[in-house]
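Enquirer: Quick note, the sequences are listed as chains R and E, same order. Per my numbering: the first sequence = residues -2 to 314. Per my numbering: the second sequence = residues -2 to 314.
Any given hint might turn out to be false.
Repeated chains share a single entry, so a pair holds when one copy, or any two copies, can fit it.
Stated by the list, open to error - In silico PhoX-like pairs for lysine-lysine, Cα to Cα no more than 25 Å straight-line: (1) K258 <-> K34; (2) K73 <-> K252; (3) K223 <-> K6; (4) K303 <-> K251; (5) K5 <-> K298; (6) K303 <-> K252; (7) K34 <-> K228; (8) K34 <-> K73.
Honestly, the hints are just simulated from the structure, not real lab data.
2 protein chains.
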Amino acid sequence: MKADEWAKKIVGGDVRAASRLMRDIDDRMPWVPDVMKALYPHTGRAYIIGITGSPGVGKSTLVDCLIEHYRARDAKIGVVVIDPTSPFTGGAILGDRIRMQRHSTDSGVFIRSLATRGSMGGLSRSTSDILRVMDAMGKDVILLETVGVGQDEVDVVHTAHTSMIVMIPGLGDDIQAIKAGILEIGDIFVINKCERPGVERMEREIMMMLELGGHRDDGWEPAIVKTEAIKGVGVRELMETIVRHRTFRESPEKKRLFLRKALRIELLNNIRDRISQRVLEEVGQEEGLLSAVDEIIAGRKDLYSKSEEILNGILCE
Amino acid sequence: MKADEWAKKIVGGDVRAASRLMRDIDDRMPWVPDVMKALYPHTGRAYIIGITGSPGVGKSTLVDCLIEHYRARDAKIGVVVIDPTSPFTGGAILGDRIRMQRHSTDSGVFIRSLATRGSMGGLSRSTSDILRVMDAMGKDVILLETVGVGQDEVDVVHTAHTSMIVMIPGLGDDIQAIKAGILEIGDIFVINKCERPGVERMEREIMMMLELGGHRDDGWEPAIVKTEAIKGVGVRELMETIVRHRTFRESPEKKRLFLRKALRIELLNNIRDRISQRVLEEVGQEEGLLSAVDEIIAGRKDLYSKSEEILNGILCE
């Protein structure tokens, strides 16, 4: 299939063509960049909402609330779930299945879950590209759910137009480890499971942290919203706060400020990921890589000289 | 200073020369690879112990126990602490200071803490290089403390000879999110704060997870040790288990199997990090990168074409 035909199908809402492309994005198929180029002019319309928080804070329940809210207003929804935790914690696979079942009969909801890739990274490139495909498909709102722990995820959260950080009281803030760089860009702090004791303390701590952080360069004052998502408590206020933030950031200058940050990260990651592919080609994929390692083990080359040798084969000059 | 003179000082145990090199490693100074090449023949002797677990499980207390144990036997100790969490959680800086104070008068203990770097990654390269410098300095044992969440950290944990995963009962396993790829390489599972209720349940869950995981290719059966580190409970058994694992992996075949995995990751990361530096040089550092982004925002180029243009400037062919 030619790149522009493929793109046309996706823009026309063809779910199978979109799913196929998303799989190919994950597999780094060589034709992906051309399809992405053809899709590019059809993107930039979707509103991306990030939902970030440690496992167990109720992100999925909040995502469900948001889906229901937007579906009731006939908006088309995309959901991207990133879960880099181990199967031991019951994360990605199980959670995704439960959600899939609930919304699988609703053609207005498109859900895709992503796991982290191997040691050459690439999660953020996959995610950016997949968000862009959903955007081109005509999704009005895309929900991006992540635990917010790796550098890859920090990068991804930067692409959200409104970024929610979800916490729960009583865990002790040392447990709710969220990566530096994510807290700083939280537009809305959600204290979920607010029926638990310790809500006031948690609220005070968030406010203190925000004060310590100083003013944001876009001038937004992060909001704190208390919810008990499982019972729908506080969800209306949360939705209103999202609308308020969305309105706030509508001005051309603010949009430009955001775009600069988001595209800077996306461009760097795109370049880095494509180079990683090239490195693997250069050494001869896994087999070649292991031969290089064996040379180091045998003492014929040290690690640093071998690294330079491979680089010299790839880079100009 | 010439690379081999510098290396000679470090091998001779010069702490200032070592600290200087570690700082230069972090700053990606151009002379670092040559010093590392000169150090390389003097490495491979230190025993690296990884201590991985969520914030709040008592990693630092365990590290203190290990330091005391080894110092009582006159071993020279290096400690590398990786903490990618936000200042909000009180992690890196505070924890490091407390440890620093306790052991700062002991010249046999060298502590270095590392934070994650910007969006071009590089944590794992820094950490590998710093472990190698400590190795060259003649440290007998290096303790590597990490929360185990990002891909960078998974890579780093792979370089530990004995890898401990620390958990505590009663948190709910969904909270103790440790990245896939780290649990699989845990040689010893430590249930710390074992005075808390829920120890048996936690032990059963770990055993179940280990059974699900199947046999490891090196044949080691991961051990479970219960500790109350703050009171020294279980620490003796933990030390014995570390010795047992160390003895187990002494055979040349097992060492080779381990080295292949560890060096494979280190080589890839070294290459990747050096290319990232090159990308920034190519575009003209931050300023040039933002001009490229502005071209995309202005619609003169799409992201994918701009990425290719930059790549074409760097890569051969």
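Enquirer: Checking against the hints above, which ones are violated?
Expert: 3 and 7
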